[in-house]
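Those protein sequence lines, which keep their order, are chains W and U. Numbering follows numbering that gives the first Met the number 0, with no gaps: position 241 of the first sequence is 240. Numbering follows numbering that gives the first Met the number 0, with no gaps: position 85 of the second sequence is 84.
Just so you know, not all the hints are guaranteed correct.
Straight-line distance between alpha carbons at most 25 Å, and here's what the computed PhoX-like set of lysine-lysine pairs gives [to be verified]: (1) U:Lys76 - W:Lys183; (2) U:Lys250 - W:Lys103; (3) W:Lys183 - W:Lys103; (4) U:Lys20 - W:Lys164; (5) W:Lys8 - U:Lys19; (6) W:Lys261 - U:Lys112; (7) W:Lys237 - U:Lys20; (8) W:Lys183 - U:Lys166; (9) U:Lys19 - W:Lys164; (10) U:Lys57 - W:Lys131; (11) W:Lys8 - U:Lys216; (12) U:Lys166 - U:Lys250; (13) W:Lys7 - U:Lys112; (14) U:Lys166 - W:Lys8.
DEER-style ranges, computed between Cβ atoms [to be verified]: (15) U:Lys87 - W:Val61: 38 to 44 Å; (16) U:Thr210 - W:Phe24: 28 to 34 Å; (17) U:Gly156 - W:Val254: 34 to 40 Å; (18) W:Gly133 - U:Thr62: 34 to 40 Å; (19) U:Lys166 - W:Phe24: 23 to 29 Å; (20) W:Gln260 - U:Asn56: 23 to 29 Å; (21) U:Phe63 - W:Leu134: 25 to 31 Å; (22) U:Gly207 - W:Lys8: 19 to 25 Å; (23) U:Gly207 - W:Gly118: 48 to 54 Å.
Honestly, the hints are just simulated from the structure, not real lab data. In this text, all values refer to a predicted model and were calculated from it rather than measured experimentally. By construction, the Cβ of each residue, glycine as well, lies at the ideal position given by its N, Cα and C atoms.
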Amino acid sequence: MKGKSNTKKLFVHLALLLGVGVTVFPFLWMVLTSFKTVGEAMQIPPTFFPKQFLVDAYGQIVTALPFARVYLNTIISTVVTTVVQVMFCSMAAYAFARIEFPFKNAIFVLLLSVLMVPGQIFLIPQYQIIQKLGLLDTIPALFLPNLFSAFGTFLLRQFFMSLPKELEEAALLDGCNRYQIFWKIMLPLTKPGIVSLVIFTAKFAWNDFMWPLIVNTSPKMMTLGPALSTLQGQYTTKYPMQMAGAVMAVIPIIVLFFIFQKQFIEGVAQSGIKG
Amino acid sequence: MAEGKVKTGVQKKRASKRAKKDWIAAYIFIAPVTIGLLIFYIWPFIQNVWFSFNDVNKFNIATFVGMQNYQDMIHDKEVWATFGNTLKYVVCTVPVGLFLSIFIAALLNSKIKGTSIYRTLYFLPSVTMAAAVAMVWKWIYNEKMGILNSVIRGLGGKGHGWLTDPKIALYMVMIVGLWMTVGYNMIILLAGMQGISQSYYEAAALDGAGTVQQFFKITIPMLTPTIFFVMITSIISGFQVFDVIYMMIGKTNPAYESTQTVVMLFYRQAFDYGYKGYAAAISILIFAVIMLVTVVQLWGQKKWVNYD
């Protein structure tokens with residue numbers, strides 16, 4: 000009996016390891032190629048490990064593209080989007096969850112309707128707004144529409160609603176005003192919700208592709224995604240350089256993921272239970 | 000609790016004064032999101048609907064053309080072709096993705112060691128930039144020097160132009176799409192499985208049901224709400240696939256036509272060719288199709304989803 004269950008476990012592990020192989024291999028191949036010379040990368044049959052680990056490809060990207068600038072643009076856009084969006088969403092979410100005010104439900108339903116619509120619907124008018132403001136090819140163009148999120152407001156509202164009402168009532172009786180209650184009592188208590196939204200938004204903003212591709216077309220104003228597309232177009236056969244670019248583009252989020260993996264995974268796991 | 004319900008006159012007055020202050024606070028709290036969403040989302044939605052009945056030129060000047068854009072769409076072969084490709088993408092990736100993610104979740108739900116490491120590794124592709132990993136996959140698929148063909152040749156087979164053969168390029172892109180999303184959906188399904196009470200399994204075991212039987216008679220029926228959630232979100236995101244195809248299939252690729260999705264068409268019409276009115280109409284059509292499919296799903300779920 001014991002033997003049988005052990006062989007079963009062995010098969011489960013084998014199946015899972017096969018899946019892990021398929022999942023991880025592209026990352027491994029990306030890293031290994033990035034350390035090869037162009038000649039070695041294109042060699043037939045290929046080498047698996049580089050003969051020598053060279054960082055030349057990383058040096059080449061920095062000179063081929065305004066890569067440092069692109070990196071900085073992506074960081075600024077991600078940080079501004081995340082900080083401002085989370086702040087705005089948490090304020091609105093608190094009011095929708097805990098304060099009674101005229102037209103509350105009507106406004107809330109109106110905002111939620113944004114969630115039902117696929118993003119392409121807004122793109123053309125959003126582009127025109129940025130154009131009219133004279134902001135095409137600038138940093139603010141990258142983050143402006145993303146500062147406001149119906150999804151984030153909805154997500155955090157759920158968290159605020161799950162907090163006990165008594166806390167707030169006690170604070171009101173003590174003469175605290177709404178701003179103090181929000182800032183000093185409620186916000187610290189919704190930390191898990193805030194962390195979820197921060198992770199979600201940062202990941203989204205860092206990986207975003209279509210919007211920055213549309214609004215910022217000069218190489219100095221691009222973010223990483225569209226810049227990789229340019230790199231691929233200009234250096235068609237310089238695979239080590241392309242892979243070095245890809246490594247640089249995925250590393251910050253992967254590092255963040257390994258630090259906050261519990262929060263990353265739990266945030267996603269709960270989305271299905273609540274939905 | 001009972002004390003709170005009895006209010007004196009003074010308390011009532013105080014309460015109404017507080018209510019007014021609360022209103023002001025609430026409006027201040029919701030102002031940034033509400034104004035931002037009105038300017039950048041709700042008004043653009045209305046404008047986009049209006050554009051779909053107009054010709055919008057380079058200088059953003061709109062000329063009303065009635066239903067012309069919609070009529071043009073019906074006769075536009077590209078619209079039909081791209082919708083066909085998109086549909087193919089959704090019809091293939093959603094069931095295969097569900098099967099794989101349920102399968103992996105079930106394996107991880109058995110009592111084995113190392114589940115958290117497996118979870119982390121499977122989840123990894125879904126956090127990484129689609130544009131970057133698409134580039135990596137394009138390199139793997141490369142006809143002359145890609146590792147996939149090298150392995151096939153090493154095993155005595157013949158290499159293939161995976162991304163240039165119009166018959167299979169879209170399927171090769173689907174593999175990348177699945178690779179990116181299976182781990183993510185698996186996490187949601189695993190959480191659903193872990194939410195099923197152990198007592199069902201214990202009762203079934205007493206009745207002599209084996210693992211496989213338990214899986215089909217308990218796990219799957221109890222999991223249907225989660226499966227439904229994953230299915231709906233996968234369909235919606237499948238209809239909007241863009242980044243991976245944009246990165247992997249260039250304009251000169253012989254498989255270009257057979258891999259273009261509706262969102263790619265929308266993007267090109269609006270921002271390459273500058274036909275913003277026509278593109279607006281395409282985006283409305285995408286929205287309508289997604290809505291229709293979702294409504295059909297919501298109606299159909301009554302037949303197979305268990306809510307207790």
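Given the hinted pair lysine 7 (chain W) and lysine 112 (chain U), is their alpha-carbon gap at most 25 Å?
Between lysine 7 (chain W) and lysine 112 (chain U) the Cα gap is close to 13 Å, so the pair holds against 25 Å.
CA of lysine 166 (chain U) to CA of lysine 250 (chain U), is that 25 Å or under?
It holds: about 17 Å lies between the C-alpha atoms, which stays within 25 Å.
With the threshold set at 25 Å, check whether the alpha-carbon distance from lysine 261 (chain W) to lysine 112 (chain U) stays at or below it.
18 Å, holds
Measuring from beta carbon to beta carbon, are glycine 156 (chain U) and valine 254 (chain W) in 34 to 40 Å?
Once the Cβ atoms are compared, 38 Å apart, the range 34 to 40 Å for valine 254 (chain W) and glycine 156 (chain U) holds.
For the range 34 to 40 Å, tell me whether the beta carbons of glycine 133 (chain W) and threonine 62 (chain U) fit it or not.
25 Å, violated
Would you mind confirming whether the straight-line C-alpha gap from lysine 183 (chain W) to lysine 103 (chain W) stays at or under 25 Å?
24 Å, holds
Looking only at beta-carbon atoms, does the pair phenylalanine 63 (chain U), leucine 134 (chain W) fall within the given range of 25 to 31 Å?
At roughly 28 Å between Cβ atoms, leucine 134 (chain W) and phenylalanine 63 (chain U) fall inside 25 to 31 Å, so the hint holds.
Is lysine 250 (chain U) close enough to lysine 103 (chain W), meaning Cα to Cα at most 25 Å?
49 Å, violated
Please verify whether lysine 57 (chain U) and lysine 131 (chain W) have alpha carbons no more than 25 Å apart.
13 Å, holds
Hinted pair, alpha-carbon criterion (25 Å max): lysine 183 (chain W), lysine 166 (chain U). Please report holds or violated.
Not satisfied, since the Cα-Cα distance of roughly 60 Å exceeds 25 Å.
Distance restraint between lysine 237 (chain W) and lysine 20 (chain U), which requires alpha-carbon spacing of 25 Å or less
64 Å, violated
CB of lysine 87 (chain U) to CB of valine 61 (chain W), is that within 38 to 44 Å?
With Cβ atoms ~41 Å apart, the hint holds.
Of the hints listed earlier, those the structure fails to meet are numbers 1, 2, 5, 7, 8, 14, 18, 20, in rising order.
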